[in-house]
Amino acid sequence: MAGPVRSARGTGGSSRDRILARVRTAVADAREAPEVTRAYLTSHTPDDPAAVLDLLHENLAEYRALVHRTDAEGLPALLARLLAEHGSSTVLVPPGLPPEWLGEAGPERVQDRSESTAAELDTVDSVVTGCALAIAETGTIVLDGGPDQGRRRITLVPDHHVCVVRAPDQVVASVPQAMARLDPTRPLTWISGPSATSDIELDRVEGVHGPRTLEVVLVIG
Amino acid sequence: MSGTFVGMPAFPEAAREAVGNSTLRANLRHATHTIRDKRARAVAELADWQQLREAGKQIKNHTLRHLDRYLVQLEESVVRAGGTVHWAADADEANRIVADLVKATGEREVVKVKSMATQEIGLNEALVAEGISAYETDLAELIVQLGHDRPSHILVPAIHRNRGEIRDIFREEMGSWGRPAPDGLTDSPAELAEAARLHLREKFLRAKVGVSGANFMVAETGTLVVFESEGNGRMCLTLPETLISVVGIEKVIPTWRDLEVFLQTLPRSSTAERMNPYTSMWTGTTDGDGPSVFHLVLLDNGRTDTLADEVGRQALRCIRCSACLNVCPVYERAGGHAYGSVYPGPIGAILSPQLRGTASEIDASLPYASSLCGACYEVCPVAIDIPEVLVHLRERVADRGGKGHRLEKAAMKAASWAMDRPAVLAAAERAATRTRRLHPKKVPGTGAWTAGRELPELPEKSFRDWWKGEGR
Ligand code: SF4
Numbered sequence: 001m002a003g004p005v006r007s008a009r010g011t012g013g014s015s016r017d018r019i020l021a022r023v024r025t026a027v028a029d030a031r032e033a034p035e036v037t038r039a040y041l042t043s044h045t046p047d048d049p050a051a052v053l054d055l056l057h058e059n060l061a062e063y064r065a066l067v068h069r070t071d072a073e074g075l076p077a078l079l080a081r082l083l084a085e086h087g088s089s090t091v092l093v094p095p096g097l098p099p100e101w102l103g104e105a106g107p108e109r110v111q112d113r114s115e116s117t118a119a120e121l122d123t124v125d126s127v128v129t130g131c132a133l134a135i136a137e138t139g140t141i142v143l144d145g146g147p148d149q150g151r152r153r154i155t156l157v158p159d160h161h162v163c164v165v166r167a168p169d170q171v172v173a174s175v176p177q178a179m180a181r182l183d184p185t186r187p188l189t190w191i192s193g194p195s196a197t198s199d200i201e202l203d204r205v206e207g208v209h210g211p212r213t214l215e216v217v218l219v220i221g
Numbered sequence: 001m002s003g004t005f006v007g008m009p010a011f012p013e014a015a016r017e018a019v020g021n022s023t024l025r026a027n028l029r030h031a032t033h034t035i036r037d038k039r040a041r042a043v044a045e046l047a048d049w050q051q052l053r054e055a056g057k058q059i060k061n062h063t064l065r066h067l068d069r070y071l072v073q074l075e076e077s078v079v080r081a082g083g084t085v086h087w088a089a090d091a092d093e094a095n096r097i098v099a100d101l102v103k104a105t106g107e108r109e110v111v112k113v114k115s116m117a118t119q120e121i122g123l124n125e126a127l128v129a130e131g132i133s134a135y136e137t138d139l140a141e142l143i144v145q146l147g148h149d150r151p152s153h154i155l156v157p158a159i160h161r162n163r164g165e166i167r168d169i170f171r172e173e174m175g176s177w178g179r180p181a182p183d184g185l186t187d188s189p190a191e192l193a194e195a196a197r198l199h200l201r202e203k204f205l206r207a208k209v210g211v212s213g214a215n216f217m218v219a220e221t222g223t224l225v226v227f228e229s230e231g232n233g234r235m236c237l238t239l240p241e242t243l244i245s246v247v248g249i250e251k252v253i254p255t256w257r258d259l260e261v262f263l264q265t266l267p268r269s270s271t272a273e274r275m276n277p278y279t280s281m282w283t284g285t286t287d288g289d290g291p292s293v294f295h296l297v298l299l300d301n302g303r304t305d306t307l308a309d310e311v312g313r314q315a316l317r318c319i320r321c322s323a324c325l326n327v328c329p330v331y332e333r334a335g336g337h338a339y340g341s342v343y344p345g346p347i348g349a350i351l352s353p354q355l356r357g358t359a360s361e362i363d364a365s366l367p368y369a370s371s372l373c374g375a376c377y378e379v380c381p382v383a384i385d386i387p388e389v390l391v392h393l394r395e396r397v398a399d400r401g402g403k404g405h406r407l408e409k410a411a412m413k414a415a416s417w418a419m420d421r422p423a424v425l426a427a428a429e430r431a432a433t434r435t436r437r438l439h440p441k442k443v444p445g446t447g448a449w450t451a452g453r454e455l456p457e458l459p460e461k462s463f464r465d466w467w468k469g470e471g472r
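If you read the protein sequences in the order shown, they are chains A and B.
Under the working numbering, the first residue of the first sequence is numbered 1, with each subsequent residue one higher.
Under the working numbering, the first residue of the second sequence is numbered 1, with each subsequent residue one higher.
So that you can see chain A by itself, here it is in the shape it has in the complex:
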């Protein structure tokens, strides 16, 4: 790729050297900037798993995600019901989704294969995934492409996303707590409520390009 393009190091690197030299000249006389003081809080929430879970529930719902609670035993029946209520006849399944989760679901299962095109994904009704973690204070679920979540595109193109969060293990209170647990070398998608726009007179409209419906299932215990 570097061949025909005037890239940094390929063809002499003149702009790279020039920009770096200009930076050095620009700050040559500036005094040392102090180290960053991190006087901010690492959490704004009491350290109580039940309270943190309630806050997650509330904040997800405020951003118009549909939130459900169940336990491991009730999960398959709940997922089956959600897919049926949405009228889905096909459901996309990431490669590492625990098979028992969809043990009672009726819709035809579509495995995500790397050769599946975006246009093929566009014909599927729903997708069910796990997550890397969820953040209570912001009402956010974070996906990191793990085996129970799959490629980024499978939670983007279908119009209905059901995301399973295991509480309390996968629930953190705050953004700083989440950062400490995430691996930046993986592709990360932070999702707070369904797709939305406020570009028309600031009226919020859900579902422009991403899924119009986001359902979050909190599995407790």
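These are computed hints drawn from the structure, not numbers from a lab.
It cannot be assumed that every hint is accurate.
Selected chain B positions facing chain A (in silico; Cβ < 7 Å) [claimed, not checked]:
#1 A140
#2 V156
#3 L198
#4 R234
#5 G290
#6 T304
In silico lysine to any residue, SDA-like type, Cα no more than 25 Å apart, as pairs [said to hold, decoys possible]:
#7 B:K203 to A:R113
#8 B:K208 to A:D159
#9 B:K38 to A:L66
#10 B:K203 to A:R204
#11 B:K38 to A:H57
#12 B:K208 to A:S14
#13 B:K208 to A:A118
#14 B:K203 to A:E115
#15 B:K103 to A:S14
#16 B:K208 to A:E120
#17 B:K38 to A:E201
#18 B:K203 to A:A119
#19 B:K208 to A:E58
#20 B:K208 to A:S43
#21 B:K208 to A:T123
#22 B:K203 to A:S43
#23 B:K208 to A:R153
#24 B:K208 to A:R186
#25 B:K208 to A:E62
#26 B:K203 to B:E109
#27 B:K38 to A:D122
#28 B:K38 to A:S174
#29 B:K208 to B:K38
#30 B:K38 to A:R153
#31 B:K38 to A:L202
#32 B:K203 to A:E62
#33 B:K203 to A:T123
#34 B:K208 to A:G145
#35 B:K38 to A:D54
#36 B:K38 to A:E58
#37 B:K208 to A:H57
#38 B:K38 to A:R113
#39 B:K203 to A:R153
#40 B:K203 to A:T117
The beta-carbon is built from N, C-alpha and C at its ideal position, and this holds for glycine as well.
Please build the complex by placing chain B with the ligand on the supplied structure of chain A, with the hints as guidance.
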């Protein structure tokens, strides 16, 4: 910067025209006040807001002081993660790099995520000149692009358009770019968003090349971050085979952990939400997930000149949240177009004259497009002292034999500020004069960037008190 704005009249003329447009003023007033109030509530939720603001300021100051080191580290990290890094000294070079990269793929169209940097360099126009179509996919940017218009706000570029105007644009223009608007399209926001969804989806599903900017780049890991709401960003960042990101060199931050500060301050300052609906973070390329080819174009285009200015360099801390626009009484009356650049409002008034220099009439007039009320500084999540930089740039213009006082008067008048409220302007001027003598000239023990220069002139009351008490 972008050729789009060449030939713009200077701020006073442009503002006078905008002030006469009552639809524009009504749209703007509604929008800025709505976001402003929501933002105050979102910020009030965090008891440590001032500490987050201070940390954000420090992270950016530290990065700027060692920008060479962090850029080199970023380059190494991105290359290690499978990406290619290019350096562009100016707009022409950046445009040429992107056009060559697109041509090398054999493609003739790209889908774009909303990005200030690519607007700044006029990338769309440069690509069209090379026979490449660039489709904006953010709803507001789509409205601007279909309307043959210019953006007027950082966050809500079509803030100057109301729903009726948007419907007319969709009806008339969508068909010549792809899927036409549905028959009988009304002006309901839900229907308009649906029309955009259908129109753009056919483009997303066939796109082979995506072009983006980034809100942050992490030197330590090589991670790029994009904040968005609609999912168009995710479409452009994950469906194409090739991704090209054009990012200003000031967007780098040192560590992964530093992101935790801006993940808290940017959404709340910008859309007034606890978190925007979608944030994407990617590090080079990932096998089997997303683009297999990733190019990062690092853009200078006047940033190193800005960095060289001891007072003005703080403008490079800007994270483009747009909070300063929404509280600015001059922006509210004049509208974004009057600033003659992709960066409108208070931040535009200090950034554009630094990136482009003050040789042109419009750039020389921008430092006067302010009442120096200080509201922009109060809301800024990285504590950029915009009034201080404005005063500094006025001196620069005046030193060049500029027509300082005349410009100031004309700008104020054009923004109908003085005409609507002569007593307010007088009070503001009195306050500024009074406090000049009352404040110490230097703060003992403050950090590197404030050492060795004078304190800005602050109004004697906070902006909010003043605005509530005397301003209306
Ligand atoms: S100057 Fe501050 S308030 Fe204005 S857009 Fe930049 S970061 Fe936001």
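Self-check item: Non-conforming hints, listed in increasing numerical order
Solution: Hint check: 3, 12, 19, 20, 22, 25, 27, 29, 30, 32, 37, 38 fail, others pass.
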